[in-house]
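Peer 1: What follows is the residue order along each chain.
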Amino acid sequence: MATVQVSEAEKVYILHGIRDDLRVDGRSCEDYRHMEIETDVVSNTDGSAKVTLGHTVVLVGIKAEIGKPRPMVPDEGYLEFFVDCSANATPEFEGRGGEELGTELSNTLYKVFNNKRSLDMKSLCISPGEHCWLLYVDVLLLQCDGNLYDAISIAVKAALFNTKIPRVHISADDEGGKEIELSDDPYDCVRINVENVPCIVTLCKVGHRHVVDATLQEKACSVASLIISVTHKGTVTCVRKVGGGSLDPESIFEMTEAGKRVGKALHAPLMKLLQQEESLGKKRQKVGFLG
Amino acid sequence: MPTDNKRVRRPEVSQSPSVFACRPAAVLPAAGPRADGRRRDQVDVRPVFVRCGLVSQAKGSAYIEAGNSKLMCCVYGPRETDRKDETDMKCGRLITDMRFAPFSCPERGSWIQGSEEKDLSLMLQESLRPAVCLHRYPRSQVEVNVMVLENSGSVLSHAITCASLALADAGIEMYDLVLGCSIRQDGASYMVDPTYLEENGCSSGSEDNQGRLTVAFLPSLNQISGLQSDGEMAEETLTAGVRTCIEGCYKLYPVIQQALAKATRKAAPPPSES
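In the order they appear, the protein sequences are chains A and B.
For the first sequence, full-length UniProt numbering begins at 1 and goes up steadily by one.
For the second sequence, full-length UniProt numbering begins at 1 and goes up steadily by one.
I should point out that these hints are in silico values taken from the structure, not numbers from a laboratory.
Please read all numbers here as calculations on a predicted model, not as lab measurements.
Errors might be hidden in some of the hints.
Using C-beta positions, here's what the derived DEER-type ranges look like [to be verified]: (1) A/N88 - B/Q42: 49 to 55 Å; (2) A/S279 - B/G37: 45 to 51 Å; (3) A/G67 - B/L221: 22 to 28 Å; (4) B/Y175 - A/L273: 45 to 51 Å; (5) A/K68 - B/C91: 46 to 52 Å.
In this text, a Cβ means the ideal position worked out from N, Cα and C, and glycines have one as well.
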């Protein structure tokens with residue numbers, strides 16, 4: 001990942017600030033940076049969203065395609081995640097440099113959605129055992145300034161909210177075979193229920209405390225962080241320790257509790273914002289990428 | 001998907017015959033003892049068999065068997081780093097590679113490392129790194145290779161235990177051993193050290209609190225070096241699960257210590273009294 005060099009004196013300054021619940025940019029330990037969300041930014045996708053968190057910019061595009069259901073679960077569709085760390089973000093990602101981070105991020109996304117409640121996979125089924133929708137969730141990192149997990153998960157949720165899957169009808173032809181017919185009306189589409197889609201909260205252990213939404217400088221001062229994905233009800237769908245250090249059990253319990261609190265509080269404003277943006281329809285002022 | 005031209009190619013698409021089985025997918029019984037006679041809601045880890053130093057070519061190696069799960073691990077190094085551009089002057093690198101033998105799971109896997117194996121390798125690396133004194137090996141790398149011979153559940157936790165044992169056997173300086181333990185939460189009850197069926201079977205009971213959790217633990221430092229969960233659990237359940245896993249690790253600790261002591265005694269027998 002993109003790294004910054006932080007001198008010892010700077011580290012002490014950051015550490016002491018966090019001890020007193022005051023961070024370098026004036027936030028307290030459980031505050032997020034300024035966040036901007038815009039949906040429907042790429043017209044060629046079925047759903048897309050761009051999330052800006054501090055200087056981290058993430059773009060998510062969702063494409064729906066018709067495929068064959070997995071043999072073990074014939075009545076469910078599925079999601080495919082791919083995270084691309086483009087060389088735009090940092091030169092380190094050039095060539096195959098970003099591959100490792102990309103796989104790590106996409107594997108985490110699979111884990112976050114690996115339960116029956118996050119998304120209703122049965123609603124993605126067209127005809128059991130034969131056809132289902134598979135959603136390709138492609139994540140593009142445009143700028144890296146720490147806290148990728150949170151930004152990506154919020155962008156994925158926003159893009160899923162924005163996704164419009166065209167309605168299909170199954171009709172039997174003369175020989176008894178099934179035929180798929182796509183609706184002619186481009187506005188005739190199905191939406192996905194994203195109520196239970198979790199958001200990831202990353203907690204960075206700095207000194208004896210933990211901070212939410214760490215910047216790269218703060219990340220350089222921490223040895224380990226915990227990522228927790230929380231649903232709007234406060235249930236946890238994935239926990240993972242990342243980084244090279246270890247944590248003592250008590251601080252893990254404190255961090256999961258804080259993660260649950262922060263994550264739960266994140267959902268209501270996010271959904272409100274998404275619905276507001278949706279209701280504006282065509283009147284919405286588009287910001288785009290240079291806003 | 002990259003294709004491998006050097007091996008005998010299989011048909012483009014083939015399926016395991018189990019897909020066509022008439023019986024429904026395995027369902028876990030909601031209560032009562034588990035299939036192998038262990039009890040639910042008890043820290044009942046499978047008895048393990050561990051040995052060090054099986055592979056003579058490797059610097060250190062270990063083999064672990066828990067129920068039908070069989071894994072082996074080899075450690076090579078410390079040696080010069082392969083990639084010169086990533087040489088770290090202050091700190092060594094720990095490289096982990098975890099692979100499933102193609103025949104290890106009920107369904108055949110491929111020879112090429114899949115994303116699941118890459119993810120497990122990363123988890124293994126993150127769990128082991130806090131325990132290894134990498135600053136003692138500047139400009140060098142230590143390689144840890146884990147091969148799963150038979151997958152009968154909880155492979156990650158046993159891989160962590162096995163790898164730390166192999167590292168110790170190789171004489172790599174460490175702060176502590178790393179022990180792994182996993183649980184499967186099924187509604188209100190839990191199963192420690194789940195088998196493959198228990199890990200992947202769907203529950204017959206409620207849909208609340210279904211999840212899997214793996215913890216890597218440094219017993220004498222009382223630190224958690226690795227934590228991973230999926231599924232859906234309440235926060236309280238998760239916390240209780242972590243505590244259970246720590247308890248499970250303590251149960252393994254004497255066995256691992258004994259195996260290590262035995263291997264060390266064999267490698268360097270104590271001087272005779274006479």
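Peer 1: With reference to the structure, classify each hint as holding or not holding.
Peer 2: How the hints compare with the structure:
For A/N88 paired with B/Q42, a C-beta distance near 53 Å keeps the hint of 49 to 55 Å intact. In this structure, A/S279 and B/G37 break the distance hint of 45 to 51 Å, their C-beta atoms being roughly 59 Å apart. Evaluation of the 22 to 28 Å hint for A/G67 and B/L221 yields a failure: the beta carbon distance comes to about 48 Å. Range check, B/Y175 to A/L273: Cβ separation about 46 Å, and the 45 to 51 Å hint holds.
The beta-carbon spacing between A/K68 and B/C91, approximately 47 Å, falls within the hinted interval of 46 to 52 Å.
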